[in-house]
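*Asks:* Going line by line, the protein sequences match chains V and A.
The numbering of the first sequence is my numbering, which starts it at 7 and goes up by one.
The numbering of the second sequence is my numbering, which starts it at 40 and goes up by one.
Certain hints may be false.
[Stated by the list, open to error] Each computed EDC-like pair below joins lysine to aspartate or glutamate, with the alpha-carbon atoms no more than 20 Å apart: (1) Lys290/A with Glu147/V; (2) Lys148/V with Asp258/A; (3) Lys287/A with Asp85/V; (4) Lys290/A with Asp113/V.
In short, the hints are calculated from the structure, not lab data.
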Amino acid sequence: MSQIETTATFTKPGTLSIQNVSKQFESDDQEVSALAKINLTINPGEFVIFVGPSGCGKSTLLNMIAGFERPSEGTILLDGKQVTKPHNDRLMMFQEHALFPWMNVIDNISYGLRWKFRFNWKKRKQRARELLSMVHLEQFEKASVHQLSGGMKQRVALARALAPDPKILLVDEPFPALDALTRQKLYGDLQELFTRTGKTIVSVTHDTREAACLGDRVVIFSGRPGRIIKEIAVNLPRPRDFNDPEVGRISESIMAELQHEK
Amino acid sequence: MKQKAPILDKLYVALFYLVLIGGWQLFFSFGKIPDYIFPSPAQVAVRLYEIAREGLLWPSLKATLYRMGAGYSIALSIGLAIGLLMGVSHIAHKCAKSLFLGLQTLPTAAWVPISLLIFGLSDKGIYFVIIMSAMPSVAIATADGILQIPPIYIRAARTLGTPAYAMPYRIVLPAALPQIITGVKLGWTLGWHGAVSAELIKSSVGLGYLLYMGRELNDSPQVIAIMVVTILFGLLLDQFVFGVVELKIRKRWGLEKERSE
C-alpha cells in the first residue's frame with residue numbers, strides 16, 4: 007500500500023442531521039412516494055453507506071443532502087444549518103467522473119478552490135498539486151482529461167472534490183463503470199484518503215460487498231417508499247481488503263437483511 | 040494503422056490544381072470564346088500582378104479585411120450574447136430560433152438594398168450587412184451548443200460552489216465551445232460573403248469594389264483575379280485562424296485523434 011505524503015491540510019468534518027425527511031415526486035398525475043420519514047444522524051468523520059434496492063430513494067436522499075433537490079417534508083441540517091441549495095460544504099462525487107474537458111488535470115482540481123478560499127493563483131496551484139500527489143498522479147498535472155484511464159479520472163475527481171475542504175463528501179455509486187481490478191484499487195485509495203483527511207463521507211451503493219468494505223456504518227433501505235430498515239456497524243480495521251472473508255461475512259448479513267425485506 | 044504520409048497528400052492536391060489549370064488553358068486554347076469574356080489563366084495571373092503593381096490590390100484587400108475585422112467582432116459579441124440568452128431561457132430560445140433560422144435562409148446579398156435605404160452609401164451599411172449575415176449562425180450555434188451541454192457539468196459546477204453569476208463564463212460557454220466554434224467559422228464565411236456583396240455596390244475601395252470596377256471596364260481577367268483573391272483570403276482565415284483554434288479545442292477535448300508526430 008502506498009504511503010501518503012502530503013502537506014495539504016483539512017479542517018474538521020461536519021455533523022449531518024436528517025430529520026423526518028420525506029420525498030414525493032409527481033409523475034403522470036400520480037404522486038410517487040420515494041422516501042418516507044427518514045431520521046438519521048451522521049457523525050463527524052464517519053463513513054456511512056446507504057444500501058438498498060434500485061428505486062429505494064437512496065440516491066434521492068444523497069441529492070437532497072447535496073442540495074440538488076429539496077425534501078417534501080422534514081429538514082436536513084449540516085452543523086445546525088439547514089441545507090437548501092448546493093454548496094461546497096457538501097461536495098458530491100458523481101458516478102461519471104464529470105471532469106471538465108476544457109481544463110487540464112491541475113485546473114480541474116484547483117477549480118473549486120476559487121470559490122472557497124481567498125487564494126491567489128499561486129496558492130491555488132500549490133494546493134491542487136498537493137491533492138494531485140495524494141492520488142498519486144503528479145506526472146499527469148498538465149494532461150488533458152481524455153488522456154487518462156477511467157480509474158485515473160475518478161481519482162482526479164476525488165482530488166477535485168476534496169480540494170475545497172468540504173465538511174462532508176458525498177459519493178454517488180462510486181466507480182460503477184470500471185473494471186473489477188481498478189475498482190478494488192480505488193476502494194483502497196478512498197479508504198486511505200478517508201483515514202488521512204478524516205472527512206465525513208456518505209456514499210450510495212447497491213453492492214453489499216462494497217458497503218461492507220468501505221463503511222463504518224451501513225444503512226439499509228427498504229424498497230419504495232424507502233425507509234431505514236436496519237443499521238449495521240462495521241468495526242473491521244482499515245484498510246480493508248475487498249476480498250477479506252470478514253468483509254464477505256458482513257456483506258452476507260447485509261444481503262440477508264435486504265432479502266428478508268423482500 | 041498509420042496514416043499515409045501527408046507529403047503524398049499534398050502532392051495529390053498540387054497535381055489536382057495543375058490539372059484544373061491545365062484544363063482551363065486547354066478550354067481557352069481550343070474554345071471559340073473570345074478572350075475578353077473568357078481569359079486564360081496566364082492572362083488572369085498577369086492582370087493580378089498588374090493590379091498589385093498599380094497599388095490597387097493592397098488598399099482594397101486591407102479595406103475589406105479591416106471591415107471584416109471590425110464588423111465580425113461586433114457580430115460575434117452580439118451573436119454570443121443572444122445565443123447565451125437563448126441557451127439559458129426557454130422562451131427566448133423558442134422565439135428567436137425560428138427568426139434566426141429564417142434570417143439564415145436569406146442570401147447575404149439580400150441585406151444590401153435595405154442597408155442602402157437605411158445607411159445610404161456610407162461604410163456603416165457594409166458593417167450592417169456583415170453583422171446581419173454573420174450574427175444568426177453564431178447565435179444559433181451558441182444556443183444549440185449550450186442546450187447540448189451534459190447536465191452533469193452543471194451539477195458538478197454547482198456542487199463545487201460556482202456562484203450563479205460565474206456560471207456563463209466559467210462553465211456554460213466553455214462547455215459549449217466545440218459547437219460554438221463551428222458557428223464562428225460559418226459566421227465568418229457568411230460575413231465574408233456579406234462584405235464583398237455590399238462592397239459591390241456601396242464602396243470606392245475593397246475587393247467587392249474591384250470586382251465591380253472590373254465589370255464596368257469589361258475587364259474579365261481582373262474580375263476572375265479578384266475572385267481568386269477573395270476565395271484565397273476567405274479560405275486562409277477560415278483554415279489558419281479558426282481552423283487552428285478549432286483543432287486545438289477538439290484535441291483538448293479528445294474529439295480529434297492526436298497524430299503521432
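*Asks:* Which of the numbered hints above does this structure break?
*Replies:* 2 and 3
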